[in-house]
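With the hints as your guide, set chain D onto chain S.
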Amino acid sequence: MIAELGHFALALALCIAVVQSVLPLVGAARGDDILMSLARPAASGQFLAIAVAFGALTYGYVTSDFSILNVAQNSHSLKPMLYKVSGVWGNHEGSMILWVLILSLFGFAVAAFGNNLPASLRARVLSVQGMIGVGFLGFILLTSNPFERLNPAPLDGRDLNPLLQDPGLAFHPPMLYLGYVGFSMAFSFAVAALIEGRVDPAWARWVRPWTLAAWTALTAGITLGSWWAYYELGWGGWWYWDPVENASFMPWLAGTALLHSAIVVEKRDALKSWTILLAIITFGLSLMGTFLVRSGVLTSVHAFAVDPERGLFILGLLVVASGGGLILFAIRAPSMKLGGMFQPISREGGLIMNNLLLSVATATVFIGTLYPLFLDATTGEKVSVGPPFFNAAFVPVMMPLILLVAVGPMLAWKRGDLPGAMARLWVAAAVSIAAAAFVWSRQNDVALGPVIGFAFAGWLAGGAVTEWAERIALFRVPFSVSLSRALGLPRAAYGMTLAHFGLAIFICGAVADSFWRQEVVVNARQGETVSIAGYDLTLEKVERAQGPNYQTESAFIRVRRGGAEVATLVPERRFYPVQQMPTTEAAIHSTFLADLYAAIGEGGARDGWTVRVWHNPLVPWIWTGCLIMVAGGLVSLSDRRLRVGAPRRRVQPDQAAAPAGAD
Amino acid sequence: MARLVYLLPLLLFAAVAAYFAAPILQEKDPRLLPSAMIDKPVPAQSLPPLVSGKPGIDPASLTGEVRLVNFFASWCGPCRVEHPLLMEIGASGTVPLLGVNYKDAPAAAVNWLAQLGDPFERIGRDGDGRVAIDWGVYGVPETYVVDKAGRIQYRHVGPLSREAYRDIILPLVETLRGAGG
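So the sequence lines, in the order shown, correspond to chains S and D.
According to our numbering, the first sequence is numbered sequentially starting from 1.
According to our numbering, the second sequence is numbered sequentially starting from 1.
If we strip away everything but chain S, and leave its shape as in the complex, we get (with noise of 0.2 Å):
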């Protein structure tokens, strides 16, 4: 009963979502008020009834009704409670529904904080919005329905997959999602402006918290992903350059750019076109990692289950979406009118560079991700293009964006001035050379990999910091001025701050880890030592123990140092009966600077298990770094002038003391 009222609902919401993708329109066209009022109730509704739907399902999930085919496929009655609601969106038709459920909720937002927008804008976002949750309600109710039933319902479920039993992928896909469909914001924003025919100053100020609400969340459900792979997949690694991956991470990039030259159009009312362009793209990217890694084009270890059917759907939408918005920029954006005037040298310029090298390392990203497929259609030849590539080729073209960062925020707006933002930079290119000669030092072989990598990381959080202290003037006026001054700064301005901080974090991670990871593997019988790093790693005991839904062999392995007790290790190698699937479970003593980690094969007393041990230097300085960017994104989101709803205040005090603008 409760199953078929959630189907229900979703049908209903597909009925208010064509009522709010066509009515507002007409009457945007119309300048008829009545029609265009009706989308803040449709969204509003849609929103309702997505959620009515959302809620059945995940009642079927807590309350293991194995007569809903998708509950019995993908829970069991053992199943622990958290993972029995992270069941909802661990699969396909489940997730789909949490697609749209965070599209709907966007939608619901405009309709409700939407009062400081004019009329006629805020009818054809709503519209547009309306219009992506045609197409996928459609898509899950004619192709994904989750509230098929099964008859007879049996016993039990198939239970989820054993990897996706894990407190990191619990919240990985609502994070992504979050971050994916937030993007729809600025896409609904960009076409509706195209319609208007004209970039509103309300319409800039608009895109920018949301785009920045969604580049923070994808940053952090990217994060949790990593962090999952990293500790769930028991290779060592973090980042693999997997087709999925990249499909999350060209959002992140297009995102990133676009939260960049966004600035440009709130503040210069320059690079409209481009913005908007950039917004299409950006979605169109989320749309086409939706479509990846349910269609099967390209193959990869998280890959939902193969279905062409859905495949060609989504392409669809991908197509009508992003091909629709790129018309309408073909036919609409040569008639915008040109913003501010500015010289190369200056901020704009600074966000340009961003921009475009932004642009090259998501097009770098798209290339060697969908090379395969490419060479494929055209040769017929089956290739897999790897992290040397990315390696090559990513890595040269994110080297001088890093050097631009630190530069950029010290340039001036319309014209700046290159050889004093320079000289006043000294403190960055001090850190940046400490940073590199410490490294040089502390090198066994000379390797310059780490030395360069370290050199621009330090270039980075130095510049950072300066800029920040350049702002508040430290040590140049008392510093009671100073101190009042860094409480008077923006929150945006301290987001940035942050921001470029947590990236310089997260180099100095990715370098360490990618030039002094160690590995040992060996084949370890009980009471035998494996030494990595200047850790003595012995193998205690190897135990079997019953886990709720399986069953699992922890070892337990001693860690010294030096003589001294360190730690105990206890990796563990489950194996989920529902599913005949084993898993590993990585046991990672962390300092804070090298994780220990180790994993366990197959094996048994008498041939021994087989062992691995890496020893990551830096490792937790990955995920630090990306937490203080997406807490950058936070605060950066909380600053008043941000603030959806809030009254924008006409005088800011804080403006004067800060000649080098707020952001």
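Worth flagging that the hints you see were computed from the coordinates, not collected in a lab.
All values reported here derive from a predicted model rather than from experimental measurement.
Among the hints, erroneous ones may be present.
List time: in silico DMTMM-like cross-link candidates among lysine to aspartate or glutamate, alpha-carbon distance up to 20 Å [as the list claims (entries may be wrong)]:
id	chain 1	residue 1	chain 2	residue 2
1	D	Lys103	S	Glu602
2	D	Lys103	S	Asp607
3	D	Lys103	S	Glu553
Some, not all, of what chain D presents toward chain S, calculated at C-beta under 8 Å [stated by the list, open to error]:
id	residue
4	Leu7
5	Pro9
6	Phe13
A virtual CB, placed ideally from N, CA and C, is assigned to each residue, including glycine.
Coordinates of chain D only, in the frame set by chain S:
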């Protein structure tokens, strides 16, 4: 001319979309990995028997008749999925079916066959998976078609489906039987 620049993103996108659509429309299976071993003789190593009373596999036992060789393991879930179909093939006698037990504990494998049934004419044991590498095995289950001359003619990756067996493997077996007397 300037308008053409604005048209460029659309054109690029159209090209990419066409590439996306092609494999789906042609119903290509992206998981189909061609084997470098096609048309090569089977590896020369012999595999010891797994169960008493049933011979192992040596290259000589793979000539003179078209055969299927299935790589399986007791720890492999998908093997369990395809097993009923293998039982049917074994019982029907349509084409001889040989098994290679891959990276498995012998006791576990014997137990597994006792539980689910043994469809194989011969079973070889490849305890460390070395021989499987020479066959070109990526993972279990995989099924190979070997012709009368003992050359590998086809490789199926993943659990054998009824459709793949009926539409690809059986016709191929018929063709190979007809070829060369």
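Evaluation of the provided hints:
Only pairs whose Cα atoms come within 20 Å are accepted, and lysine 103 of chain D paired with glutamate 602 of chain S is accepted, the gap being roughly 10 Å. With a C-alpha separation of about 14 Å, the suggested pairing of lysine 103 of chain D with aspartate 607 of chain S holds against the 20 Å cut-off. Between lysine 103 of chain D and glutamate 553 of chain S, the direct Cα distance comes to roughly 19 Å. Compliance with the 20 Å bound is thereby established for this hinted pair. Given hint, leucine 7 of chain D at the interface with chain S, holds; its Cβ is 5 Å from that chain's nearest Cβ, closer than 8 Å.
A least Cβ separation of about 5 Å between proline 9 of chain D and chain S falls short of the 8 Å threshold, and the interface hint therefore holds. The closest approach between the C-beta of phenylalanine 13 of chain D and any C-beta of chain S is roughly 6 Å, which is under the 8 Å cut-off, so the hint is satisfied.
Taken one by one, the earlier hints all hold for this structure without exception.
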